[in-house]
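The whole structure should be built from the sequences, with the hints applied where relevant.
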Amino acid sequence: MPDAADIKSRIEAAIPGARAEVEDWTGGGDHFRATVVAPAFEGLSRIQQHRLVYDVFGDEIGGPIHALSLTTRPQ
Amino acid sequence: MSDQNSNPVRDAIADAIEQHEVILFMKGTPDAPACGFSARTVAALQALDARFAAVDILPDPRIRQELSALSQWPTIPQLFVRGELIGGCDIVTEMYESGELATVLGLEQSDGAAPADAAPVAGAPLQIENRLS
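Protein chains in written order, with the numbering used here: chain A, 336 to 410; chain X, 20 to 152.
Careful, some of the hints might be misleading.
Chain A residues, not near chain X, derived (Cβ > 10 Å throughout) [what the hints assert, rightly or not]:
1. 337
2. 348
3. 372
4. 386
5. 397
6. 402
Straight-line alpha carbon distances no greater than 25 Å define the calculated SDA-like cross-link-like pairs of lysine to any residue that follow [said to hold, decoys possible]:
7. A:343 - A:394
8. X:46 - A:340
9. X:46 - A:381
10. X:46 - A:348
11. X:46 - X:89
12. X:46 - A:382
13. X:46 - A:406
14. X:46 - A:390
15. A:343 - A:397
16. X:46 - A:358
17. A:343 - X:125
18. X:46 - A:368
19. X:46 - A:389
20. A:343 - A:381
21. A:343 - A:362
22. X:46 - A:369
23. X:46 - A:397
24. X:46 - A:404
Which residues of chain A face chain X? A few of them, derived with a C-beta cut under 7 Å, are [claimed, not checked]:
25. 381
26. 382
27. 389
28. 391
29. 396
30. 404
Since the hints were made in silico from the structure, they are not lab data.
Note that beta-carbon positions come from the ideal geometry of N, C-alpha and C, so glycine has one too.
Spelled out as structure tokens, the structure:
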């Protein structure tokens, strides 16, 4: 089961220059809330920004990670 | 890829998205949301008195599977306006707060209207699974 630190490090490893703050929303290890700031988001729509983050986790979203609530911005 | 196989669930979803200007795929119904994220998204739409079609994805797991394959978006809810994916709960809530949601929907946003205060205006939910033979 992923924890908040695991999710943070995977986002930061996968998206160049990204900084992520992740909290376990419910304490249950399956609902997370993340704020991700990455220069790679520049010029992308919100949908595209969120997709970049969701893509890090693939099928785990909706599986072991029941929910990953996102706020993204370029800087 | 699946051209040789008919896919009635995906076809029904694509038809629903095409035929409804504003359509929300959610867990539960607007009157009885089965998930907090769906509830928040419904509340944002209702706060704007938006008219929208709603599809409950829970009765048949294929609906969620095919919807996500079609939209390339992994989570529920999903809001479509004029055939385009607008976002899920996070994006819809952000757009509600910034006033962009009203703009996308072509509606006026009254000041100070909190989502929780809204009266429901949605019609009967669509039943995709009932349209499948």
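Going down the list of hints, with the structure as the test:
1. 337: 15 Å, holds
2. 348: 19 Å, holds
3. 372: 15 Å, holds
4. 386: 7 Å, violated
5. 397: 5 Å, violated
6. 402: Nearest chain X Cβ is 7 Å from residue 402 (chain A), so the label is violated.
7. A:343 - A:394: 17 Å, holds
8. X:46 - A:340: Violated. Residue 46 (chain X) to residue 340 (chain A) sits at ~29 Å, over the 25 Å cutoff.
9. X:46 - A:381: 22 Å, holds
10. X:46 - A:348: 32 Å, violated
11. X:46 - X:89: 18 Å, holds
12. X:46 - A:382: At roughly 20 Å apart (the allowed maximum being 25 Å), residue 382 (chain A) and residue 46 (chain X) satisfy the hint.
13. X:46 - A:406: Given pair residue 46 (chain X), residue 406 (chain A) holds - Cα atoms ~22 Å apart, limit 25 Å.
14. X:46 - A:390: 22 Å, holds
15. A:343 - A:397: 18 Å, holds
16. X:46 - A:358: Measuring from Cα to Cα gives roughly 24 Å; hence the hint holds.
17. A:343 - X:125: 37 Å, violated
18. X:46 - A:368: 20 Å, holds
19. X:46 - A:389: Roughly 20 Å separates the two Cα atoms, so the pair holds.
20. A:343 - A:381: 19 Å, holds
21. A:343 - A:362: 16 Å, holds
22. X:46 - A:369: Holds - the C-alpha atoms of residue 369 (chain A) and residue 46 (chain X) are around 22 Å apart, at most 25 Å.
23. X:46 - A:397: Distance of about 13 Å is within 25 Å: holds.
24. X:46 - A:404: 16 Å, holds
25. 381: 5 Å, holds
26. 382: Residue 382 (chain A) check passes; min Cβ-Cβ to chain X is 6 Å, inside 7 Å.
27. 389: With a minimum Cβ separation of about 5 Å from chain X (threshold 7 Å), the hint on residue 389 (chain A) holds.
28. 391: 11 Å, violated
29. 396: 4 Å, holds
30. 404: Given a least distance of 5 Å, the restraint on residue 404 (chain A) holds.
Checked against the numbered hints above, the structure violates hints 4, 5, 6, 8, 10, 17, 28; every other hint is satisfied.
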